[in-house]
Amino acid sequence: MDARNFTFMFYGFLAAWVIVLLYVISLARRGARLKKELDEVRKITSQSEQHADRH
Amino acid sequence: MRDKLAIGLAAAAAGLLANNLYQMFMVLPDEALQGAIYRILFFHAPAAMVGMIGYFVALTFSVLYLTSKNLIHDSLAASIVEVSLVFSVVNLVTGSIWARIIWGIWWTWDYRLTSALVCVLIFFGYLVMRRAIDEPTQRARLSSALCIFGCVDVVIVWKSIEWFRNQHPGPVLDFRTGGGKMDPAYAHVFWMNFVAILLMATALVLVRTRQEATSREIDSLRRLAHTAA
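Protein chains in written order, with my numbering: chain A, 1 to 55; chain B, 1001 to 1229.
Hints are computed from structural coordinates only; laboratory data are not their basis. C-beta atoms are modelled at their ideal positions from N, C-alpha and C, and glycine is treated no differently. There may be inaccurate statements among the hints.
Label-pair ranges, simulated between beta-carbon atoms [to be verified]:
| hint | chain 1 | residue 1 | chain 2 | residue 2 | range |
| --- | --- | --- | --- | --- | --- |
| 1 | B | P1184 | A | E37 | 30 to 40 Å |
| 2 | B | N1019 | A | V18 | 19 to 29 Å |
| 3 | A | G31 | B | N1166 | 35 to 45 Å |
| 4 | A | D53 | B | V1155 | 53 to 63 Å |
| 5 | A | V24 | B | P1029 | 29 to 39 Å |
| 6 | B | Y1022 | A | Q50 | 55 to 65 Å |
| 7 | A | G31 | B | A1187 | 30 to 40 Å |
Build out the structure end to end from the sequences listed, making use of the hints.
In structure tokens, the structure reads:
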């Protein structure tokens, strides 16, 4: 059997896992960004509510 | 609760994948005609099937959005499309690597491969379009329409190996052929890997839908802050 047969099988497995891994990393980064954004918006909202209460 | 379910599903998928990899490399022999590279098919075909199932579930939520106008259905459809697209890309890339050895070429414009590529491009366009539209109801309406259109191509991808003469192999799975085209030992590992990939995709969809819920919360808080100001 062609020696490249096993090598290309390895490339196939590697490609599959790299694609999934890159997506998982992008999901984790997006999750962290959204959490940070949510905290900031919550802070702004509570400040706006306090400001409205005073008036 | 959703986080625990996602972690549970991911752990189950990891355990099953570890066992499947052991079966693939330590138990199953090389295939007589293809050699070692046939093992790529344990990821190539299940990734395609998981992607297609995902597109049809997304189609269901898109139709539900169009009938109910509930944005949660739109968010679910978008989350499922995104995860399905990842597995469709895995399918195309692994198929191309397999083809390089078995056919001697990376790519050919046959019906199955071309329709699968068109499917990836349609759903990639779906995600790009969602980023380009800010207004949520307009985004949801157009996304639902595009998802329905994309699913027509998914049917063509699925049936192309029966409808047309292709470079791509014809159906081999028992539920399409009535049996006899795949060794039972290979079929067992194949279906176990399908379950593992389906569990992994479900865990990813759960994480993604949670992010969509967070995005909706951010949008509503922004509107609240804007109104209060």
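Exercise. Hint by hint, work out which the structure violates, then give me just those numbers in ascending order.
Key: 1
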